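Participant: The lines below spell out each chain.
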Amino acid sequence: MKKDKNKDLEINVLMLGGRRCGKTSLLTTIYNSFDTTFGSTDLTITPTDNDTLNILFDKNKEILKLFENKRHSFAIDEDTYLSTSSGSDNYYKFTISIKGKPRGKIKLNFIDYPGEWLGNKKYGSFFTEKIQQADVILITIDTPFLMQKSGKNNEAKNHSYQIAELLKTHLEYGLNGDNVSKMILFVPIKCERYYYTENNMSKLKERIKEVYKNLISHINNEAYRNKCEMAITPVLTLGTIEFSRFDRTSNGKLKTNPTHETFIPLYVFRDGVPHEQQPIYCEQPLIYILLYLIKRAEVARNKKKESRFLIFKMLKSAVVSIEEKFFEMPSADDFVKQSDKLKSRLESQRYGYEIITDPLKLKQK
Amino acid sequence: MQHISLKIDNIINNRKENLPFIKKTLENINHCEKIISFLKNTKTKLTIHNKDNQYLDIIEKLDRISLDNFYLCYKNYEQQLIKLQKRFSREEIHISFVGRAGQGKSLVLQNISGLNSSVIPSAEGSDCTGAKSVITNIDSDNTYAKITFFSNIEIIDIINTYLENILYNQNYNIHSIDEISNIPIDIVRNSIDYSKVEESSRLTHLCKYIEHINEFKDYLGKTIKVNEYEIEQYVAQYNHNDTSQKYYKYLGVKIANIFCKFPHKDTGKIVLVDTIGIGATSIGVENSMLDTVENDSDAIVFMFRPDSLRTRISTDEIDIIQNISQKITPEYAKEMLFWVINKVESGKGENVKCIPELKQRIDSEKYPIADTLVVNCASKQEVEDKLLIPILNRISERINEVDKFIIDNTNKLAYQLIEEFNKIVLAINSIHINNYNNNIQREMNPIIEKTRDIGLLNNIRELYLHKYKDMREKSCKEFENAINETLYTLLTFVPTKETVITILENGRNNQHNTLEDCTNILRINIINEFLKLDNILDKIVISMKNDVIHVFADDDKGKLGNIVEYNNITPNQWINLFLEKIGETEYPLISTSLRAFRDFNFSVKGFLIFEVRNELDIIDFSLRKQLPILNNNLENLDATSEEIVEILMDNMGRIYDKLEDNICSFYKIPNRAMFAAIKDLYDRIAFLDNKNVQNEWRYLYEEFMRDIWPDKYENHASKKEIVDIWNELKRYLNEYDENLFFIRID
Numbered sequence: 302m303k304k305d306k307n308k309d310l311e312i313n314v315l316m317l318g319g320r321r322c323g324k325t326s327l328l329t330t331i332y333n334s335f336d337t338t339f340g341s342t343d344l345t346i347t348p349t350d351n352d353t354l355n356i357l358f359d360k361n362k363e364i365l366k367l368f369e370n371k372r373h374s375f376a377i378d379e380d381t382y383l384s385t386s387s388g389s390d391n392y393y394k395f396t397i398s399i400k401g402k403p404r405g406k407i408k409l410n411f412i413d414y415p416g417e418w419l420g421n422k423k424y425g426s427f428f429t430e431k432i433q434q435a436d437v438i439l440i441t442i443d444t445p446f447l448m449q450k451s452g453k454n455n456e457a458k459n460h461s462y463q464i465a466e467l468l469k470t471h472l473e474y475g476l477n478g479d480n481v482s483k484m485i486l487f488v489p490i491k492c493e494r495y496y497y498t499e500n501n502m503s504k505l506k507e508r509i510k511e512v513y514k515n516l517i518s519h520i521n522n523e524a525y526r527n528k529c530e531m532a533i534t535p536v537l538t539l540g541t542i543e544f545s546r547f548d549r550t551s552n553g554k555l556k557t558n559p560t561h562e563t564f565i566p567l568y569v570f571r572d573g574v575p576h577e578q579q580p581i582y583c584e585q586p587l588i589y590i591l592l593y594l595i596k597r598a599e600v601a602r603n604k605k606k607e608s609r610f611l612i613f614k615m616l617k618s619a620v621v622s623i624e625e626k627f628f629e630m631p632s633a634d635d636f637v638k639q640s641d642k643l644k645s646r647l648e649s650q651r652y653g654y655e656i657i658t659d660p661l662k663l664k665q666k
Numbered sequence: 010m011q012h013i014s015l016k017i018d019n020i021i022n023n024r025k026e027n028l029p030f031i032k033k034t035l036e037n038i039n040h041c042e043k044i045i046s047f048l049k050n051t052k053t054k055l056t057i058h059n060k061d062n063q064y065l066d067i068i069e070k071l072d073r074i075s076l077d078n079f080y081l082c083y084k085n086y087e088q089q090l091i092k093l094q095k096r097f098s099r100e101e102i103h104i105s106f107v108g109r110a111g112q113g114k115s116l117v118l119q120n121i122s123g124l125n126s127s128v129i130p131s132a133e134g135s136d137c138t139g140a141k142s143v144i145t146n147i148d149s150d151n152t153y154a155k156i157t158f159f160s161n162i163e164i165i166d167i168i169n170t171y172l173e174n175i176l177y178n179q180n181y182n183i184h185s186i187d188e189i190s191n192i193p194i195d196i197v198r199n200s201i202d203y204s205k206v207e208e209s210s211r212l213t214h215l216c217k218y219i220e221h222i223n224e225f226k227d228y229l230g231k232t233i234k235v236n237e238y239e240i241e242q243y244v245a246q247y248n249h250n251d252t253s254q255k256y257y258k259y260l261g262v263k264i265a266n267i268f269c270k271f272p273h274k275d276t277g278k279i280v281l282v283d284t285i286g287i288g289a290t291s292i293g294v295e296n297s298m299l300d301t302v303e304n305d306s307d308a309i310v311f312m313f314r315p316d317s318l319r320t321r322i323s324t325d326e327i328d329i330i331q332n333i334s335q336k337i338t339p340e341y342a343k344e345m346l347f348w349v350i351n352k353v354e355s356g357k358g359e360n361v362k363c364i365p366e367l368k369q370r371i372d373s374e375k376y377p378i379a380d381t382l383v384v385n386c387a388s389k390q391e392v393e394d395k396l397l398i399p400i401l402n403r404i405s406e407r408i409n410e411v412d413k414f415i416i417d418n419t420n421k422l423a424y425q426l427i428e429e430f431n432k433i434v435l436a437i438n439s440i441h442i443n444n445y446n447n448n449i450q451r452e453m454n455p456i457i458e459k460t461r462d463i464g465l466l467n468n469i470r471e472l473y474l475h476k477y478k479d480m481r482e483k484s485c486k487e488f489e490n491a492i493n494e495t496l497y498t499l500l501t502f503v504p505t506k507e508t509v510i511t512i513l514e515n516g517r518n519n520q521h522n523t524l525e526d527c528t529n530i531l532r533i534n535i536i537n538e539f540l541k542l543d544n545i546l547d548k549i550v551i552s553m554k555n556d557v558i559h560v561f562a563d564d565d566k567g568k569l570g571n572i573v574e575y576n577n578i579t580p581n582q583w584i585n586l587f588l589e590k591i592g593e594t595e596y597p598l599i600s601t602s603l604r605a606f607r608d609f610n611f612s613v614k615g616f617l618i619f620e621v622r623n624e625l626d627i628i629d630f631s632l633r634k635q636l637p638i639l640n641n642n643l644e645n646l647d648a649t650s651e652e653i654v655e656i657l658m659d660n661m662g663r664i665y666d667k668l669e670d671n672i673c674s675f676y677k678i679p680n681r682a683m684f685a686a687i688k689d690l691y692d693r694i695a696f697l698d699n700k701n702v703q704n705e706w707r708y709l710y711e712e713f714m715r716d717i718w719p720d721k722y723e724n725h726a727s728k729k730e731i732v733d734i735w736n737e738l739k740r741y742l743n744e745y746d747e748n749l750f751f752i753r754i755d
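Taken in sequence, the protein lines are chains D and F.
For the first sequence, the positions run 302 to 666 when our numbering is used.
For the second sequence, the positions run 10 to 755 when our numbering is used.
Isolated chain F, as found in the complex (with noise of 0.2 Å):
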């Protein structure tokens, strides 16, 4: 018997050297999928790029391609390939015990395994494993178990499961375990009446969920490791040497690995599956086997004991069968699911007599069996001897061709996904996206010359053309008030009476000199007054740079405001910022005539000044021919004052007038001077340097083209995006090998 324990560490070793291979077709299949995956974004890019309907054609075809049955395969070909990843990277070989309750099951464990009754229930012909137990041998003497428990959730599913197959339609559910213990028995249970056995059944169990919740609530969701003597009570109904001392952990119990040491030395790495017997009146007992059986079995022994009295076998037993062998092939059962005959040799339930004939019917009957093992399942030598020596060969020999068989089948359905997958690359490869045109600049070209043309050099020529040159002509209003406003406060500069006498009276002067200090303090306040005009000049400029810079800022002109917003800001700081943010040096003609643009401005000074200047030589002593004569003197501070004004305030009566009559001629210089401005400006940002300007603004107009037309930058970028992915996914389906798809083991 050496020997198995070897083989079975071969087998375990050669599967986990498939592992690789299944891997890698696994994340084949989710690229493949990822490939879906990207198709299914790019509709969806599609769909929200599709503002002016030029996507609708292909997205109309795109919904026509359906990928349910590519997700489908791919769902169960995934499926199947972790299944195979599940089996392959098992430490040990795995051998399920089904059957209906009180067939021996749990015999055999205690025999194969060397546990006692204590941890592996079994009783009579009776319903008495409550969790589902896999029990691992290890090398060690001390036994242990590790019990997982459901989680809340899980619990909660099982209860309401069990109020829907009580109550059907009536839709009372739980959704938490404190509602468990207020669930109302009594109203449920005079809902069912005595036809209802099944349903009666039911309700019995979901009681024992009711009453004895407190019990194991606080496990749930949890993993305890406990010794070989506490299991029972996690496992069983209830205690083995006194059957009215009942166990309900057992009902929070998902499932206990119990670990230790089989008696047999050649077992090797096994482990043997406990079932909960088939009949019994918990929901989900069989499916739950079914499932153990297809995803944790190498091997399945269906365990028998036939009743001496009825001696044919029952649709019980066939169902079973026939159950599993749909769940993992009748070619696989064919090889690993063995049908055992509970020999029982002598007392209740002795059977002997009728064990030939049946065995004959099974294998008559061609079952799809590997073989019918006849076991005294009491006899431990005999269930080593013909049961589990025979089954670990049969699986020694045989496994390997099962894995083999198992990967072909799986290979199976990467056939069904390539066809699927290749329907949607035929579908795809004939939808075509019309290309874009790569180079946005030149697709923009128009827009950005007529914005230069039009919005900007075209309005700005319109602003000198119809504004401002027609009010070359005119006068300045503004300016014009600003003046009056100025003369008005001339006079108010003639000094009082009083004050000419307090001159006079300091003894200083005399008549003459105070007429003379008079006039040089009237020529400094005059020309102090008119300086003050440069404040209305600068507002003036202001606003006229405000106009150009509309013209260059405003969406519907020059639209330059996009990169640098014209908000809040004078028209100067404006340009600073623009040519920070250009780059003057990247600009050099653009960039001298904005600055000259933004360095124009005038004053008083450079038109005005010198002519008012001109008016005050009569209050200017140093330029009169004959100055003028005063009648009286110091003699009389009253009357000498009071001529000194008289004289004061017709000299500046006479200036005041030669200022009004002149003045008007100026009138018109602020509008002029705008005029020039823009002209200046015009002439700049459309002919310097023969024209190559335009050149220039062409060229910041394509640099800020994503600032400027975001909509339309972004339009084209998504484009560009839609091929490029197009192209892509297209590339990607049609590159994909179809190789890829299959499991390849060397």
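The following block holds chain D by itself, in its conformation from the complex (with noise of 0.2 Å):
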């Protein structure tokens, strides 16, 4: 394949979750954790653009003041720089990119709308169109919700159902050809508590699959299992502080938020005194993202050396295909030496890790 030395590959990840539910803290604690984890390799990885660079500066520094916290039990204010709730959708962009090779990056363009518009139908186009051109699907859960009180608070808080039902509309309109085309990540966030306290993170993930059945069993189909790539990647994006308790007031009723009908969780540092943040597993999305391409790359490269005609096949296609496009990167041949190390930092059996579909094989060599 001709490369194009100015070429980079943009991947577009939508982020599908519940308002509040800690979207950017996350992508603010992805980007920290995977630079600590392969700050010392080839990898890089940098916000793309100012304004992403300015809210993971403001949201870092609110989580950092949560370890500031005096209080016993507290509770953590979601989203409140991010501009979630103005109404329009955010791109947050990340570039990742080979040290050393200025050209040829891999772009991460992260799509986060209103919570709000989850459900209304004014959006529906805005939705079919995101997860048509989405490579990744990233479904951040709030663990406690999901956890605590037989689930009861989890639609108001997750959507789950709207957003797998959402998922089960629009994807077939995104699963293109006979190829893998969407990476489904189902991003189990505030899961301190079950990893630490309960030391039940299994139980976190059959919840998880238990919740989202109707989605995971859509995919597992005949149809769609060899399209699709998904996985559960919990993280833990504070790791010292854990959910402790929803709000009551003093004659035991939950206390709700008034205009959305949630649960108030509570936190508390784990110990009961303060300390600082500890996030770990949170650069696994980021992996399994990187991989999914890689993988996915090396699977059409290695499919158009058995068969001409599926070559002839993606000549054909309209679209230029993601496939075609990492390998017209300079830096393609880069990011598939990466792989091992990837790989080897991939956790997908313990702590609730699970790959639920696997028509890549991310691990395999």
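Hints listed in this document are in silico derivations from the structure and should not be mistaken for laboratory results.
A few of these clues could be false.
As a list, the in silico DSS-like pairs of lysine-lysine whose alpha-carbon atoms are at most 27 Å apart [stated by the list, open to error]: (1) Lys554/D - Lys483/F; (2) Lys506/F - Lys556/D; (3) Lys667/F - Lys514/D; (4) Lys486/F - Lys453/D; (5) Lys667/F - Lys506/D; (6) Lys486/F - Lys556/D.
Predicted, not measured: the structure shown is a model, and the values here were computed from it.
Using the hints, put the two standalone chains together into the complex.
Facilitator: Rendered as structure tokens:
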């Protein structure tokens, strides 16, 4: 394949999730963690634009402020500085590149939207378009809402059913051809309590599979199984702060947020004493995304070698595929070379991790 | 003459010997009447028990059996036996004197009794005797009388009879003695015209009552004893010396019993019965005479004073003889009715000449009389010789025969009674009542088994199958709500900041002790609060037991409420009363089952408390690996107390969450326990001891069937009663000996 010296690869990541469930915090922590994890390797990550940089900066400041908390239990006010409630969609852009290779970068465009848009018919076409365009769909889950009170406040917070129905409806247009064309990641956040105190991440995993079972079984059928990579990738963005309980009135009734009818979660430091942020597994979503890209490209290249017909078909396609774009990058091979490193870091079985559908066989060589 | 009084004594004694036989016969026929009464009662009972018309046929047949003829014969016979009994009970021989007024009756009585006209009123040819007199020969020189007056009612009846016979259909009656003096005489008089002679005469008599009622009304209903000299004013209509002095007390006298010593020594125990002269215008005189003749006489003396100018016998005499003869039977009259011709030898009314012809005529006419005696009644000697002694002789010779004849005549009535009795027996024998099932248990068995199997056991089965079985998988809402209410209170146990400050300020505790003390109190409070749920569990248990006991007790189910009423008592109280009533040792399997059910209970301690306790580790510092770290100390009480409250509140919130999340698995437990209790009860009451418990139920229902099915039991009992009565009736009727109806004098 002929390489275009200036060509970067743009990847669209649609972030689905409830209002104020911690999407920005997640992005901030992913960014920080990836840098920490891969800082000593050839891979590097930077915010693509100033807006993203500013948001990340502010969010990080806000997160750090949490750890100065003197109260025993406290609420975490999510997305305070973000404009998701301003009424328009937002794009957070990151660039992953190979150190020393200024050309041929992977640009990750994270798309966020106001939570209120979910379920609103007016934004039906927005979601149709975004789902079709998205290479990766990242479903963030505010874990306490999923796990506590038998999940009775889960729908109000995480909109699991709505998101599942939305995906079931629009994925059809997004899964093109015979190749794998989407990755769906369930990213439960604020899992500290279940990871440390209860030591039961597999319960969390099962709970996700139960709540999203309609979506999972929809994708797991004959038609889509080989076109969609799907995994559960829990992250602990705070580490030392865990969910304690939902706030209650003095007569024991659960307090609710008056506008969204969601309970009000209260958090505590795990051992009762303030500690610094200790995020873990936050780099995993990015590892999954990168491996997905590399694997997808590799598989396509292998197929190309195996069958002319397939190449013919690819060439015929009006849209230039990611696989093609990937290999058009001058740094394509450098990225491919990182795949072993990425695979070695990939969590796929422990701590609530599971690759549910794996047509690309992410961990295989 | 000595022998006459002895003979009379013998007669009296002989008669008394017959009395027991008459009495026995009376008893026998009374018993017979009782049997017939029993038949009537049986009919009444059949009618009462004929709710389902099962006896209709029999009742109709019984209706067709007329008892009227039996009762007619029975009354007739009984009356005769009573008369006979009275006759044979007499202590004297009774001689009655009858005849028209002015025939010399009183003269004869004076001569026999030795009493003068001041006691026995007599006036030549006039109506002077006012009241019926009975003169008894006694062995004492003291002459006296017992005067018996009419009762008020009898006088009222007499007055009303007069009024009816004067005014006829004008329907004017009195109802009290006081009304007599108010009878409007003038109105009554004006209603009679001159053609009505009899009525006019009756009115004269009535006027006497009206005008003189006050002279005797105080005596009415009484019997008084008076001496010889007073007798006249009670029995005569006027003074025998001064006819202008009238007496009226006789109007109220029913009978004057005069006791005196008869001059003739060998008279013996005789009683002379004077009757009011026939032909007197007083009402009822003849009937009264005939009644005396029939019931109070051994011999009857008919007094007749012929008129020398008219020697033929008038219709009046013939009528009297015939009436008497009919009353006492001609055969009796032939023996004991004496026609006395009063021979007046001189003076006014002399009739000597006409007597022979008259006597011959009487003798030739074959009147039903014993003898015709011609007697100068004014002569004491003649009265004795020609009247008293012949009559006493006749009596002493013939009275036994007469008595026998009377007995025979009475016995003839027995045949009529037997005939009527036998007709009834025959009719009754043709009626059959179906026999009843002697064994009520056997008859009730299907009902008992149905009640036990369907009413009791199957309904308990239905209860656990259709209500409690499905409930096992559902939350017990009452319990769930109660638990939620309990949870709501939990956070209120967290002490306020002020309370914590107070604890901190007392100086004994540092901030860590204070926090721990608070957790210790919290644990106790939480457990106490959950223990209160036992009240709800108690209610749930009672409600379930109530369902069950209703199946036991309700009339459309187990019916056992008829043994012990299930009303205003708890299920356990009902079980206790029931066990007490049936006797626990009598029904060991049932008792065991019910006791187990009664004792069933469950509490939160059994299944919930330890689960709650399990969630309290967070507020139990003895179990925590790491104790909460407090950022403040006693130097800043306000901040420390706030921090303590915050920690406690957070811990309690977490406990709350855990309890709320986990406790829902207990919501079903009460329902499961209820099901278990009922199912266990069912297994016991249906299957215990190889199903022998079912036999116990049968015995129990049998024992208490009277309480449980009172109507059916009563119906069966009444059926049994009817059949028993019917059989008894038949036995009485068929076993009754005809010979018992007769007077059998040995």
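Participant: Please verify whether Lys486/F and Lys453/D have alpha carbons no more than 27 Å apart.
Facilitator: holds, 19 Å
Participant: Sort out whether Lys506/D lies within 27 Å of Lys667/F, counting only the CA atoms.
Facilitator: It holds: about 20 Å lies between the C-alpha atoms, which stays within 27 Å.
Participant: Lys506/F and Lys556/D: Cα distance at most 27 Å?
Facilitator: Between Lys506/F and Lys556/D the Cα gap is close to 21 Å, so the pair holds against 27 Å.
Participant: Verify the proposed pairing of Lys554/D with Lys483/F, using a straight-line Cα cut of 27 Å.
Facilitator: Judged against 27 Å, a Cα distance of about 24 Å means the pair holds.
Participant: Between the alpha carbons of Lys667/F and Lys514/D, is the straight-line distance 27 Å or under?
Facilitator: holds, 26 Å
Participant: Assess, step by step, whether the Cα of Lys486/F is no farther than 27 Å from the Cα of Lys556/D, and give holds or violated.
Facilitator: holds, 24 Å
The structure shown violates none of the earlier numbered hints.
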